[in-house]
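Peer 1: Residue strings, one per chain:
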Amino acid sequence: EPEVTQTPSHQVTQMGQEVILRCVPISNHLYFYWYRQILGQKVEFLVSFYNNEISEKSEIFDDQFSVERPDGSNFTLKIRSTKLEDSAMYFCASSEFGGGAYEQYFGPGTRLTVT
Amino acid sequence: QQQVKQSPQSLIVQKGGISIINCAYENTAFDYFPWYQQFPGKGPALLIAIRPDVSEKKEGRFTISFNKSAKQFSLHIMDSQPGDSATYFCAARKAAGNKLTFGGGTRVLVKP
Numbered sequence: 001e002p003e004v005t006q007t008p009s010h011q012v013t014q015m016g017q018e019v020i021l022r023c024v025p026i027s028n029h030l031y032f033y034w035y036r037q038i039l040g041q042k043v044e045f046l047v048s049f050y051n052n053e054i055s056e057k058s059e060i061f062d063d064q065f066s067v068e069r070p071d072g073s074n075f076t077l078k079i080r081s082t083k084l085e086d087s088a089m090y091f092c093a094s095s096e097f098g099g100g101a102y103e104q105y106f107g108p109g110t111r112l113t114v115t
Numbered sequence: 116q117q118q119v120k121q122s123p124q125s126l127i128v129q130k131g132g133i134s135i136i137n138c139a140y141e142n143t144a145f146d147y148f149p150w151y152q153q154f155p156g157k158g159p160a161l162l163i164a165i166r167p168d169v170s171e172k173k174e175g176r177f178t179i180s181f182n183k184s185a186k187q188f189s190l191h192i193m194d195s196q197p198g199d200s201a202t203y204f205c206a207a208r209k210a211a212g213n214k215l216t217f218g219g220g221t222r223v224l225v226k227p
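Each protein sequence line maps, in turn, to chains A and B. Okay, so the first sequence: first residue is 1 according to my numbering, each after it adds one. Okay, so the second sequence: first residue is 116 according to my numbering, each after it adds one.
Just so you know, the hints here were simulated from the structure itself, not pulled from any lab data. Errors might be hidden in some of the hints.
Residues on chain B that point at chain A, a partial pick, calculated with CB under 8 Å [stated by the list, open to error]:
(1) LEU161
(2) ALA210
(3) GLY218
Just so it is clear, CB atoms sit at the ideal spot from N, CA and C, and this is done for glycine as well.
Chain A extracted, bound-state conformation (with noise of 0.2 Å):
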């Protein structure tokens, strides 16, 4: 069954690095997303990404991320300068479309510790 990837497992940074964590959504999928949850909290979203765009965005989603799909395999996110409060598991998710009742699939999820 096809799945969605991300590398690494688990990246452990210093504050004010540059992180990229990269995804690999299901081949056929059109619709790619972030979500960021926090030790022990909900299930945050980030941002959603379509036909190259950013189509939709959160209020945490600010100038520190951002969200590129660099070949037409893999989907990053970059946050620029981490801070300790970056600190959160990353789980990318894909869907075949948008909207209606198209599943979000999950990866794994990369854990961001930053020190």
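With chain A's structure known, arrange chain B on it following the hints.
Peer 2: Below, chain B without anything else, positioned relative to chain A:
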């Protein structure tokens, strides 16, 4: 108005019992209500979902009940098994959007 409130935060149930998790929302623009199951170290996985034009949906041991007028929906896990021990999240999405708004999660422990 964007929030989805979920209760309880945790639940312990005996094997064979019924687990009930409740969610409430305010935004009437929400029209798709999925439930996700998450095991430790894994991403959320869709369990079952409902649209507001039906009051109940059942898939195996999992049932969603939906009360549109009360803006509430709930997940019932019948004949709970130890393998059902996980964190369950309700969520909601607007018709025209892609953003899933999640509830706070319920950690379910099924005792053998």
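Peer 1: Each hint: holds or not?
Peer 2: Going down the list of hints, with the structure as the test:
{"no.": "1", "hint": "LEU161", "result": "5 Å, holds"}
{"no.": "2", "hint": "ALA210", "result": "7 Å, holds"}
{"no.": "3", "hint": "GLY218", "result": "6 Å, holds"}
In this structure, none of the earlier numbered hints is contradicted; all agree with it.
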